[in-house]
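These protein sequences, in sequence, are chains C and E. In terms of numbering that gives the first Met the number 0, the numbers along the first sequence are unbroken and rise by one, the last being 305. In terms of numbering that gives the first Met the number 0, the numbers along the second sequence are unbroken and rise by one, the last being 614.
Honestly, the hints are just simulated from the structure, not real lab data. Some hints here could point you the wrong way.
Said to hold, decoys possible - Ranges between beta-carbon positions, derived for each pair:
no.: 1; chain 1: E; residue 1: I488; chain 2: C; residue 2: F289; range: 48 to 56 Å
no.: 2; chain 1: C; residue 1: F289; chain 2: E; residue 2: A524; range: 23 to 31 Å
no.: 3; chain 1: C; residue 1: M303; chain 2: E; residue 2: Y571; range: 37 to 45 Å
Small disclaimer: the values here were computed from a predicted structure and weren't measured. Each residue gets a CB set at the ideal place from its N, CA and C atoms; glycine is no exception.
Each chain is listed here by its residues.
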Amino acid sequence: MKIFILILQLAWFIALAPFLSGFITKIKNNIRMRKGPSIFQPYYNLAKLFAKSEVISETASWIFRVSPLVVFSSYLTASLMIPVFILLKPFSFIGDFLALIFIFALGRFFLALSALDTGSSFSGMGSSREMFISSLVEPTICLIVFSISLQFGSTDITVFSGMHTVSIAAIITALSLFLITIAETSRVPVDNQETHLELTMVHEAMVLEYSGRSLAFLEMAAYIKQMILFFLIAQIIFPVYLPGPINLVQIFLWCLWYLARITIVAVIVAFVEVAVAKMRLFRVADFLGFAFILGIIAVVCAVMGV
Amino acid sequence: MISLLTKQLFLFDPLALFFLAVIFVVSLPSAVYSIGYLKNSYSPKKIFFSWIILCAFLLSMALVVSTRNLIIFLVAWEIMSLVSYLFVIFDTTHEKSIQAGMIYIVMTHLGTVFIIAAFMILRNYAHSFDILAIKTACSVIPRTEKNIIFLLFLIGFGTKAGIVPLHIWLPYAHPQAPSHVSSIMSGAMIKTAIYGIIRFVVFILGASYSWWGILVLIIAVTSCLVGVIYALMEHDIKRLLAYHSVENIGIILLGVGLAMYFISINKQYLAVFSLIAGLYHLINHAIFKGLLFLCAGSVYKATGTRDIEKLGGLIKRMPQTAIYFLVGSMAISALPPLNGFVSEWLTLQAFFLGALQVTGGMKLFLGITAAMLALTSGLAAACFVKAFGITFLAEPRSHYALNAKEVSLSMKIGMFILSLLTICFGLAAAIIIKFLAKAAGAATGIEISSLKFSLNNFVLSTNGGLAGAGSNSYLSVPLLAFMLIMLAIAGFGFYVFGRKRAEIYKTWDCGYYKTDSRNEYTATAFSKPFRIAFSFFLLPYRRTQKIRESFYHVKSFSYETHTTQVFKKYIYNPALTLIFRSAKLMRRIQPGSIHLYLGYIFVILISLLMFMQKF
Chain C
0 MKIFILILQL AWFIALAPFL SGFITKIKNN IRMRKGPSIF QPYYNLAKLF
50 AKSEVISETA SWIFRVSPLV VFSSYLTASL MIPVFILLKP FSFIGDFLAL
100 IFIFALGRFF LALSALDTGS SFSGMGSSRE MFISSLVEPT ICLIVFSISL
150 QFGSTDITVF SGMHTVSIAA IITALSLFLI TIAETSRVPV DNQETHLELT
200 MVHEAMVLEY SGRSLAFLEM AAYIKQMILF FLIAQIIFPV YLPGPINLVQ
250 IFLWCLWYLA RITIVAVIVA FVEVAVAKMR LFRVADFLGF AFILGIIAVV
300 CAVMGV
Chain E
0 MISLLTKQLF LFDPLALFFL AVIFVVSLPS AVYSIGYLKN SYSPKKIFFS
50 WIILCAFLLS MALVVSTRNL IIFLVAWEIM SLVSYLFVIF DTTHEKSIQA
100 GMIYIVMTHL GTVFIIAAFM ILRNYAHSFD ILAIKTACSV IPRTEKNIIF
150 LLFLIGFGTK AGIVPLHIWL PYAHPQAPSH VSSIMSGAMI KTAIYGIIRF
200 VVFILGASYS WWGILVLIIA VTSCLVGVIY ALMEHDIKRL LAYHSVENIG
250 IILLGVGLAM YFISINKQYL AVFSLIAGLY HLINHAIFKG LLFLCAGSVY
300 KATGTRDIEK LGGLIKRMPQ TAIYFLVGSM AISALPPLNG FVSEWLTLQA
350 FFLGALQVTG GMKLFLGITA AMLALTSGLA AACFVKAFGI TFLAEPRSHY
400 ALNAKEVSLS MKIGMFILSL LTICFGLAAA IIIKFLAKAA GAATGIEISS
450 LKFSLNNFVL STNGGLAGAG SNSYLSVPLL AFMLIMLAIA GFGFYVFGRK
500 RAEIYKTWDC GYYKTDSRNE YTATAFSKPF RIAFSFFLLP YRRTQKIRES
550 FYHVKSFSYE THTTQVFKKY IYNPALTLIF RSAKLMRRIQ PGSIHLYLGY
600 IFVILISLLM FMQKF
């Protein structure tokens, strides 16, 4: 039974994560009065990449080859900590919210290394920028977990996955997490997924040398990471109210609500991306500083109990 | 007779045993490593000499942590400092070694002065040099004296540990010693200072007042940030590691400081837990920093340079060293499932659990301190992406790296043992914590068996150890590692199944088919965003020079960038100037006349006699 749920959960993430990106792109294009690619474009891209052959740089070592797998498996492991089918908690002993952050760091570390591996100055630039942004993200995430721990009494993800009242502290925490998510999923004010402009790219620069299946794995990993972060935001501000006993109908309803919530977050992200302009790299420090201040305010609110 | 002597002289409680374990866990692999490392680099006579001083060094460290007599402690402490000084100046031909040795010996003696002063005050109350006797006598020491003793110990041991701003000697001395000694100095020697703090401040003085813990926390978090920011700017691989020692001492002291704070507010469960986190990071740091120094030594041995800007591509030339260095880098960057991750997770949990039990502003303080710890670990990861990426990946940046060869077997064995330990200490965390709990219990004097620890399966109950109610924070490192590996294997299956043959081709170079190692990203460039973001602290400056052939044609262009060493410039240099200036003033009373000197002696004698009358 546990194995079955495990596979179900993995399938859930792998199947639905690309959809989220396609959905955001679609909304962005609709706001801009464009038709845009289909919602299922990420799936087509993945299928295409999977069928293609790879080109590997002659400079690259084994780090370059294993990185996509490490990145993929670390984000997928992180996804196992997310209570998708909340009423069936099969994996509650892998780790908590803190461990999740550290696992993200594992994937990022290898991605940044693989970028340096090819010797291309573009990917080196991407690697440097990614590590810069992510290290400034780290304290804010810690404050977010801290605030959640103060509000719910634990760093366990399941404690705030169920029913809870939405306090001011929770809203500010979610807001701070939202800014962090924008930075971590390489979205507009921080990075831009749509361009290959050498002056601005961060994530795209790191994966520049990848092609074929390796790239497919990396893209998939990025989608999964995005879905996890969206889920966490949704979880804090849209809690669950499930009456009655646990049965299949309940689980089905929960899954629908799950999707609905992350879709709402995705819509907000899309609007934000259209509304703001890309920042200069060194302005990103200010942006993340703002997120940090929000994190502190969230902790203060949590301390005051509002 | 002998057993009586050992009872009188030694104290083998769990705390001492733990530190003995730390010392030997780093030293033995380093000793094995040194066989290959010293060969061909030094004359046989010098190698023989190095073995003798290595033994003296290890024995003195072992004596420091196991003696119960303060006099013996001091003697051992001095031998440890002097012998390690011999190692710092081991490369006598190097001018830098002499300078580093000078800074080291001055700083370490400065620290010892404070320790001696503290010992003298303690002795004044206890009338004994025995540690246990002093512990019992401690209850009569008045508040102000206790505070003074604490501060003296903090400065004295802090100098040896390398806390900011007393860290100044560490980035000079550690890199200059031979690599196996750097590994022991960083892995074990600076830990004896932490032993001193735990033994004398926590065990003997009992961490009585809450401001002690808070002060230690503030110092610790400053050390973390300063250490890691300087490390990011550093391109000498061994100095980079030395700065990371400053950072990691900070992380260890975060655990110790939290324990001190919780003892003072009488939260015993949390105190033991925080100390466990601190001790765990201590032994982890000993292992992975020892490993990293050994790897850095291998790189130095193979290439002849420590400047990472000149390296690159070593992963193909030294594949095994590269793997060991990668393991060490991952551990120090706190990546799961290795040991650094477990101890940083525990330290953060200590903050989080503690915050649930304290009130008001203290919660916020703990939160921000924890956030700074997270920032540190993020920056450390960036630093090690730089260190590993620039040293081992891409194409060689100079002939130094081009001709590198894999190192000899004994060196590989030394590194292998430590990387194995790095992995084991991550996976077997639940078992190790049981041992650490004993040491932490002995240090804090808290009966751990009466506390309901649900740590053995790594579940932390949030409500002060009373298992049951409340939700738990949990972590299972083996399961985590298992899932990571299984999913990677599954991914690999998908990756290879029916794939087309991969093509090996040049790195994309915008159609300009002449890229070489000069186009690669450098360490300076990699750390540029950090240099700009932390410019308020680093105060970077650059020098550019154009040599012109004519007004229109620039023949050559040189560019230098440096960061200002704030502590050196604004604290140590003014202090040195002050000392030299006052020395010049003092010279006036030394005109060389024997009559005057006799007069001085007379005056001193009279004043001493008058001083004696007072008591």
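Do the hints match the structure? See the list:
With their beta carbons about 42 Å apart, E:I488 and C:F289 fall outside the hinted range of 48 to 56 Å. Distance hint check for C:F289 and E:A524: the Cβ-Cβ separation is about 27 Å, which falls inside the suggested range of 23 to 31 Å. The given range of 37 to 45 Å is respected by C:M303 and E:Y571, whose C-beta atoms sit roughly 43 Å from each other.
When held up to the earlier numbered hints, the structure conflicts with hint 1 and nothing else.
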